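For the protein sequence lines, the chains are A and X, in the order given. Each residue of the first sequence is one higher than the one before, counting from 3 in my numbering. Each residue of the second sequence is one higher than the one before, counting from 12 in my numbering.
It should be emphasised that the hints constitute simulated quantities derived from the structure, not laboratory data. None of the values given here were measured: they were computed from a predicted structure.
Selected chain A positions facing chain X (in silico; Cβ < 7 Å):
#1 Arg4
#2 Asn5
#3 Lys9
#4 Asp13
#5 Lys104
#6 Gln106
#7 Ala112
#8 Pro114
#9 Leu115
#10 Ser116
#11 Ile264
Facing chain A, a subset of chain X residues (Cβ under 10 Å, in silico):
#12 His67
#13 Gln83
#14 Met99
#15 Phe102
#16 Ser103
#17 Lys112
#18 Ile114
#19 Ala115
#20 Gly116
#21 Arg117
#22 Phe118
For every residue, glycine included, the Cβ atom is placed at its ideal position computed from N, Cα and C.
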Amino acid sequence: MRNLFTKTLYDKRTFIIGWVLGMAFIGYLMTIFFPAFHQDNGLDQLIKNLPPAMQGLVGSLDNLKQLSTYLGSQLFDIRMPIFLSVLTILLAVGLTVSEEDKGQLRTLIALPLSRTRILAVKWFVIVFICLLAALGVIGGVELGLLTIHETLDYQVLVRLGSMMWLLSIALATTIFSIGLATGKRGLTTGIGVIVTVGSFLVTTFAPSVDWLKDYDKFSFLHYFPAPDIAKGTVDPMNVAVYAGITIVFLIIAIIAFRRRDIR
Amino acid sequence: MTIPVVSVDHLTKRYGSFAAIDDVSFTINKGEVVGFVGLNGAGKSTTINTMLGFLHSTEGSVTIFDQDVTPQTAHKTHQEIGFASGDMSLFSNLTGKQYFKFIAGRFGLHDMTRLKELSDLFEPDSNKKISDLSRGNKQKIALIAAFMTSPELVILDEPSSGLDPLMQQNFVDLIHQETAKGTTIFMSSHYLNEVIDVCSRVVLIRAGKIVKDIPAKELITDGGKMVHLVSKHAVTPPRAAELIEKTKSEQGHELTFVYKAKPAQLQQWLSGVAGLIDVSITDHDLKAAFEDLYELETGQHA
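Chain A with its partners taken away, still in its complex shape (with noise of 0.2 Å):
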């Protein structure tokens, strides 16, 4: 407790263990649904009779028959993003702007602590909270598959888990840098929400509405292609994209942060 990354640890343990409970029960659901979705013939009729427009909600019919690919289109290239949006988004507006309207951050700012060291903080508080939902997620598909008696080579775990955890950090970087550098609740919830959902609605329909995939490049979610990554395919590229994107907004938010006024 005597330091600042424990005392927000410490802060967020309620959040913390709620989150990664919840990201471990989705993973040990959508893991014991596999054999259903495995066996049942009348769902491949059902998908192939769905309009093009709507598949990109089910995901392709071909990844359901496989373990890996199966999780990586629907637990984390389906569900998974709509919980990181509302895990990025309350966590990264709990650690900004949620404290200066309360005037924690002046409190933390009256300490011999630089704004810098603050911020450094809080950014390793959401990286480490992050991980701990990936793991969470995890630890719930291993779970599930005891519980249904299959088995999965662990790296195809470890590679979704870790861009999972990459993309994650990318999206919450973003939203906690607006709120660094705004102190503004309306405006970085706005924007969070504006990011994640529109992230989500933009992959899920650009394989189905034309004019879409031109945009689909700026949602956070066209470089974790989650059902490439079960096969066995990581793209340095996109690992590369996460990277660049945490980097600029923690820039931004260092320099914003450090000079504006705090309430």
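Given the coordinates of chain A, work out where chain X should sit on it, guided by the hints.
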């Protein structure tokens, strides 16, 4: 020899065209206890927030311990500064004990003797979560945290608001202890009695401008006597008087003024008043003296 600890030099903070503080200058020397007094919105908190680096100044500068204070550099001075404010937001998920431990960690404090002394003085409920504490108990925690590191300079913004009368007296005793140790203290307050009790100097701010910077003793003696008299004929108040009111009623000509010169001269002047019907002489209270200071400096009622 006076050693300046804080130097506020032509400090201005504007929000658009509105100047929250305008050309504020003062110096605080080592060991001084300076009261910073003004009405709500006068600019007290803006000045303190700029001194602590929460805000950047539009013009002017703040120097503390020879370090130019800006939002980027303020933390370099904070190792030697204790800060508490009346509306301070503590970390509500921690207990008082955990909060003190965190503060000790940030300041590299290992000797907890001072913390124990302060805890004995204020008796805070430090085992409860801060979010569950009353305002007064939160204020005790904030004050203990400000003083527990034995800082060279303590900056307090309305520090005793929320404390009950007994704890307010303990706070006054604490300031006396710190004064004896040579701690420099800068405190804003609404409670004039408290300022007069503990401060060696008083800086008055109004509408963002410093209107008075005087030794606290002057504020006490400035109180003077309030004289109210009724006479058959109109009377001009004595030269040393500050006229409060001059009216004509059914009883006669009424005159009210504050008199701060020697009582013998007042007695002499009263003996010369023709047609004196009635006279009352009372102590002019400190609050009124304080309001008069505003009036004298600005020509407006406080």
